[in-house]
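Please put together the full structure from these sequences, using the hints given.
In terms of our numbering, the sequence shown has 172 at position 172, counting the first letter as 1, and numbering is strictly consecutive.
These are computed hints drawn from the structure, not numbers from a lab.
There could be a bad hint or two in this list.
[What the hints assert, rightly or not] Result set (DSSO-like, lysine-lysine): computed pairs, CA atoms no more than 30 Å apart in a straight line:
1) K89 - K203
2) K149 - K131
3) K73 - K63
4) K63 - K203
5) K64 - K149
[Claimed, not checked] Listed next, with one range per pair, are the computed distances between beta-carbon atoms:
6) S116 - A88: 17 to 27 Å
7) H13 - S116: 44 to 54 Å
8) I12 - N159: 52 to 62 Å
9) K247 - F14: 47 to 57 Å
Glycine included, C-beta positions come from ideal geometry on N, C-alpha and C.
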Amino acid sequence: MTGSGEAKRLVIHFHTAEARDLCIGSTHPEFPDLIFHAHDPRQLRSNEDLWAIQVTDIPFFIKKDNLMAYFKKFGNITSCRLFSRSHAKVQQAHIVYDHADSIARFTDQWAVYCFSTCLRITPCFYTVDQKAARHQYVATLTQLPPNVKDINLAPLTRNLGAKAVNVPLSLNSYKPKRWAYVTFNSQETMDAAMKQTISFQGKVLFWSSPDNTNKLCHRCGKLGCALNFCPLKQTRGRSRTRDPVAKLKERFNVNQPRRSNSNTANARSCSRSRSKSKDRSASNSGRDNNISHDRTNHDKNHNIPNPNASQRAWRNSKE
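This is how it looks when you write it as structure tokens:
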């Protein structure tokens, strides 16, 4: 049994093709509401795309349960798959609903805000050209104040007619960088926005092209600022790891192997063994102390002179 609601299907496996064809060609009065047809995974996949969405730009600190809790308000979710590519510092999700009406809003709405993060959404039934159009008109807004999140820029970009805004995260610290990618739905809207002088939190921001991202200073976000001569350069540099993406996934417990029961049992067994060893050691130590104490008392008693013996010796000498 797969799916739910109108998408619920019962997949039946037969030993032979003849038995399958006989089932499809026969009438089944005991199941008047069921329609039997040959199973075609490709066709099912095509139909599934009609009520599925792709969610991108998901940080590692957002888990599957968080996505399910947020996106279920749009409809009944039949499946949600959260995954990340090997060298990507963000995740993606494939969410399937039980009805196409649940994703109708995302034809015009390109993003949602979840945990202060702008998550980009694309209907899965879109063509390659339609999907590419959602990444075609992008401008960069630079020299942001420190620690600005996507949600902080939402009112500003909404007034500019933008469809989405994403502040990239640092690969090492996973903190927001000093620039944002602003996505528009047309060249005209983007050109009109880039002609405006933008002020945010008392600071003037500057427009740039995404092609110049590698020329932006990672400390202040200014174009052409040399990192070694940046006024915000720290006196002590941070140590760099060889695989920062793997370090991030380990930090947020993304795709990490679970500890097996045998390892847990071994750890508990070792803990019990160490505890018993400590008890035995304490017991032996106490017994040794008692023996030593008895020996000491015996030696002391042995060295004390016996008064009766002294008197007998004196009488004998007198006689």
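CB-CB spacing for F14 and K247 relative to the 47 to 57 Å hint: 50 Å Cβ-Cβ, so the 47 to 57 Å window holds.
Distance restraint evaluation - H13, S116, Cβ atoms, bounds 44 to 54 Å: holds (47 Å)
Given pair status - K203, K63, alpha carbons within 30 Å: Not satisfied, since the Cα-Cα distance of roughly 34 Å exceeds 30 Å.
Agreement of K64 and K149 with the hint, judged by alpha carbon distance not exceeding 30 Å: holds (21 Å)
I12 versus N159 beta-carbon gap, inside 52 to 62 Å or not: holds (56 Å)
Straight-line alpha-carbon gap K149 to K131, limit 30 Å: holds (25 Å)
Range hint compliance [Cβ, S116 to A88, 17 to 27 Å]: Distance hint for S116, A88 holds at roughly 20 Å.
30 Å limit on alpha-carbon distance, applied to hinted pair K89 and K203: Holds, because 29 Å separates the two Cα atoms, which is no more than 30 Å.
Pair hint K73 and K63, alpha-carbon separation not exceeding 30 Å: holds (17 Å)
The earlier numbered hint that this structure contradicts is number 4, and it is the only one.
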